[in-house]
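full-length UniProt numbering numbers the first residue of the sequence shown as 1 and each following residue consecutively.
None of these hints come from the bench; they were simulated from the model. Please note: incorrect hints may appear among the correct ones.
EDC-like, lysine to aspartate or glutamate: derived pairs with alpha carbons at most 20 Å apart [what the hints assert, rightly or not]:
hint	residue 1	residue 2
1	186	200
2	205	101
3	21	194
4	169	194
5	169	232
6	132	177
7	132	116
8	149	177
9	192	206
10	119	210
11	169	222
12	119	206
13	234	181
14	205	164
15	205	194
16	132	114
17	119	204
18	192	239
19	192	177
20	186	101
21	119	200
22	119	29
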Amino acid sequence: MSLAGEFIQSPTYELLSRCTKDNLLQIAENYTIELTSEYKTEERNFVLKKLELELSTRKDAIVPAVVSVPPVSLLPPGSVSPPHVSPVDQTSSDPGDYGFDVSRNISLVPPFNEREVEKYFSHFERVAITLKWPTAVWSLSLQCVLSGKAQEVYSALTVEQSSDYSTVKTAILNAYELVPEAYNQKFSRLSKNDRITYVEFAHEKENLFDRWCTSEHVTSREQLRELVLLEEFKNCVPDAVATYQHDRQVTMLAQLLEPFQSQRMALLCETFL
Numbered sequence: 001m002s003l004a005g006e007f008i009q010s011p012t013y014e015l016l017s018r019c020t021k022d023n024l025l026q027i028a029e030n031y032t033i034e035l036t037s038e039y040k041t042e043e044r045n046f047v048l049k050k051l052e053l054e055l056s057t058r059k060d061a062i063v064p065a066v067v068s069v070p071p072v073s074l075l076p077p078g079s080v081s082p083p084h085v086s087p088v089d090q091t092s093s094d095p096g097d098y099g100f101d102v103s104r105n106i107s108l109v110p111p112f113n114e115r116e117v118e119k120y121f122s123h124f125e126r127v128a129i130t131l132k133w134p135t136a137v138w139s140l141s142l143q144c145v146l147s148g149k150a151q152e153v154y155s156a157l158t159v160e161q162s163s164d165y166s167t168v169k170t171a172i173l174n175a176y177e178l179v180p181e182a183y184n185q186k187f188s189r190l191s192k193n194d195r196i197t198y199v200e201f202a203h204e205k206e207n208l209f210d211r212w213c214t215s216e217h218v219t220s221r222e223q224l225r226e227l228v229l230l231e232e233f234k235n236c237v238p239d240a241v242a243t244y245q246h247d248r249q250v251t252m253l254a255q256l257l258e259p260f261q262s263q264r265m266a267l268l269c270e271t272f273l
């Protein structure tokens with residue numbers, strides 16, 4: 001029997017630590033963990049942690065059976081039993097209500113990265129979805145690893161706002177938002193390297209394009225058309241004209257060309273008059 005088969009049949013930490021790349025791929029498939037043959041070191045560590053959590057959960061599930069013993073009445077025959085008092089309702093909004101143990105899962109939350117905030121949220125969400133964390137605890141898990149400006153933003157939110165993951169994510173992204181030209185440069189200069197897969201590269205391109213459009217307040221097809229036309233115009237003209245375009249901060253190509261049309265008319269008048 002292979003090492004992967006031994007682990008699946010009788011999982012132990014000792015077997016897990018001896019697993020090779022192929023073994024981990026087989027084990028990940030058995031536990032329905034999404035993983036490809038091109039996975040990186042950080043993804044391998046993530047899989048190991050998830051399998052350790054799975055193993056720990058299985059051990060915790062093995063508890064002695066509780067034998068139900070009927071209550072023995074100590075009242076004399078014919079006596080009336082006292083009224084039954086219902087226990088106090090202990091319902092709360094604790095993460096445990098969702099079957100989620102924060103202390104056990106905190107080690108699986110990716111460390112926050114202030115230099116790549118957009119990429120970090122994509123990574124965090126992929127981990128949360130893979131581990132099937134309830135969305136109601138995403139914000140709680142996230143705040144455990146926040147640092148720097150992100151931590152300050154989180155602290156400034158109300159209790160209701162800080163419990164909503166989408167609100168927290170939007171607030172943090174806005175705090176780290178760059179100027180439109182910075183997103184444009186990141187989008188246009190991003191290229192594929194050996195450290196990321198083609199799927200990851202395409203996903204990162206999409207994210208940067210979306211951030212660029214958002215920073216330019218593009219909400220319609222016509223606005224997107226003007227944005228692309230202006231960018232192409234800038235890339236095809238001399239640097240002096242491109243600088244002039246940037247300084248004017250126009251949003252439509254027609255606006256940019258107005259001064260040039262006036263100059264052309266003036267030249268025509270000088271020629272024929």
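Inset, instruction - Identify every previously stated hint that the structure contradicts and give their numbers, smallest first. - result: 2, 4, 5, 6, 7, 11, 14, 16, 18, 19, 20, 22
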